[in-house]
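There are 2 protein chains.
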Amino acid sequence: MTTEELVIGVDIGGTNTTVGLVDRNGHLHDDATVPTRADEAAPRLIARLDESIRGLLARRPAARMKGIGIGAPNANYYRGTVESPPNLSWKGVTDVVGLFRRYSEVPVVITNDANAAAIGELLFGAGKGLKDFIVITLGTGLGSGLIVNGELVYGHDGFAGELGHMTARPGGRECGCGRRGCLETYCSATGICRTVYELLADRRAESELRGIAFNDLTAKMISDAAERGDTIAREAFAVTGEILGTKLADSVVHTSPAAIILSGGLTAAGTLIFEPTALHLERHLLNIFKGKVKLLPSGLKERGAGVLGAAALAWTELEKSHSR
Amino acid sequence: MTTEELVIGVDIGGTNTTVGLVDRNGHLHDDATVPTRADEAAPRLIARLDESIRGLLARRPAARMKGIGIGAPNANYYRGTVESPPNLSWKGVTDVVGLFRRYSEVPVVITNDANAAAIGELLFGAGKGLKDFIVITLGTGLGSGLIVNGELVYGHDGFAGELGHMTARPGGRECGCGRRGCLETYCSATGICRTVYELLADRRAESELRGIAFNDLTAKMISDAAERGDTIAREAFAVTGEILGTKLADSVVHTSPAAIILSGGLTAAGTLIFEPTALHLERHLLNIFKGKVKLLPSGLKERGAGVLGAAALAWTELEKSHSR
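Line by line, the protein sequences give chains A and B. Numbering-wise, the first sequence is residues 14 to 337 according to this note's numbering. Numbering-wise, the second sequence is residues 14 to 337 according to this note's numbering.
Derived from the structure by calculation, the hints contain no laboratory data. Take these hints with a grain of salt, some might be off.
[Claimed, not checked] Within a straight-line C-alpha distance of at most 27 Å, the following computed DSS-like cross-link-like pairs (lysine-lysine) qualify:
(1) B/LYS144 / A/LYS104
(2) A/LYS333 / B/LYS333
(3) B/LYS305 / A/LYS305
(4) A/LYS144 / B/LYS144
(5) A/LYS303 / B/LYS104
(6) B/LYS307 / A/LYS141
(7) A/LYS144 / B/LYS333
(8) B/LYS333 / B/LYS305
(9) B/LYS141 / A/LYS333
(10) A/LYS333 / B/LYS144
It should be emphasised that the depicted structure is a prediction, and the values quoted were computed from it without experimental measurement.
Just chain A, same shape as in the assembly (with noise of 0.2 Å):
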């Protein structure tokens, strides 16, 4: 029985935290799901997470594992904390790190959802072999993480690559940040469905999304009525990548990605939101970028992404300190 080498990946939502165990290459060996209990204090949710960390490294006598790594939504790479979660009753700065450490003497590494996503696609999914991309995530919201010259973008403090935040509407829609008009309103899960509820507003087409209230309505069944041919959904998913194309057409100037890859829920709807995004990101790029850029869905599995870019994280900081 050879020693097998594996990190823990940990990736914190506001509905269920993933723990897993995963090896240098990407395989996801073994994994356990906790409900994360969003009313709970932090301490109580890492003590949690602890026991089922124990209880999947109990039944693998030969791992020896090697770090931590987390993905949590606000959560800042240089302090080791997470800032006033949108979907956590934490309040203010929790030192997640730092609890961490009461349980385990391995280095433990943090970073925002959506820069674990970034590495996750780098080491193991369809940034492989890449220096320069952008991973977007389109769930609830839209976030991004930014890969340059082989690693992530940090920036200063340590919340680089808020793409969501871009403006795409001057004065547009409201954005949970208390501003108006931001990219996430436009494109991501909830704001194709106000993207709908929009244009059930304004056109007289039949559709059968016309019998589902706002709080019913998901980006699953925009989706699912545009497979069936429902015009209002099919716009929607062409407003939404036409938005989406356009204003990545201005990231592209930033850093000059090789890729921008889609990932998240919402890209579960396949050509309907890629083709339209490839489509108008071409229109909009500055002539020296044209034909360069590939638009590519996620090579993660969507299952075990959130917590492969966690294990990614852990698997770059052990390598960064061996390089030391």
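Given chain A's structure and the hints, the job is docking chain B onto it.
Same frame as chain A, but now just chain B:
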């Protein structure tokens, strides 16, 4: 007499080209300027520059020349080329690094002028000690260079940092790139002249600028008029700063810079351009960035900025090759 280690900075412009001897501390020891002669073939210019360099070195027998750094419009760092420069008659792709190597065995490196300006600020200017910042050059166009984690961002093809071609106004002013509404059509020496003409058309206010033809108008005339209280000129600066500050808030979400450094001819107008830019940048920043991003003037002397940037590029490459 001790040996001085120096590099050559070469700043190729549409009208003049300057070569200078620069030490590792950013002191410009000597320089010479020759007319670029835009209609002349590239090898002729390089031959004349070699003569100038020999002239400068002849006056400093103790100097040891370590490398050559070149800043030029449309230059590509990876390929060592200048590609279809807008203000020179050089057709297609010119191997500028190769041409310099005919005359010298020291390392030669090239990048576009705005990228060179960013490296200049990093080594010798307002970016000293910072690891993440953006340099914006407000000249005929709007150039830019991004520093991330202490290094210039080149992107996968060497063309990163074209922020002048973010779309500031969809369907707006015609840009030299063939599209419409690019940031540089508003925020540059040329852009502010266009804004003045728009204002002169729209407003009934008296203005000393009403007597000046479009082809004769310069940014300097506008700032002089503004200093004398001309309301059209003042408003032109306010509009320019508003568009620039608003749009730079979109750049901040990409790389989370500690500072944005404004340089180039238009910044000679001082508070006229800095104040409205800072105001609207701060107003449009995402909450997590508010109060964190400084707006700074260049730390390089205007006259030598181009040469210092090119020299900084040479020093950076020498240090990279030593650390390999």
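Sort out which numbered hints this structure fails and list those numbers smallest first. Checked against the structure, the hints that fail are numbers 1, 3, 6, 8, while the rest are satisfied.
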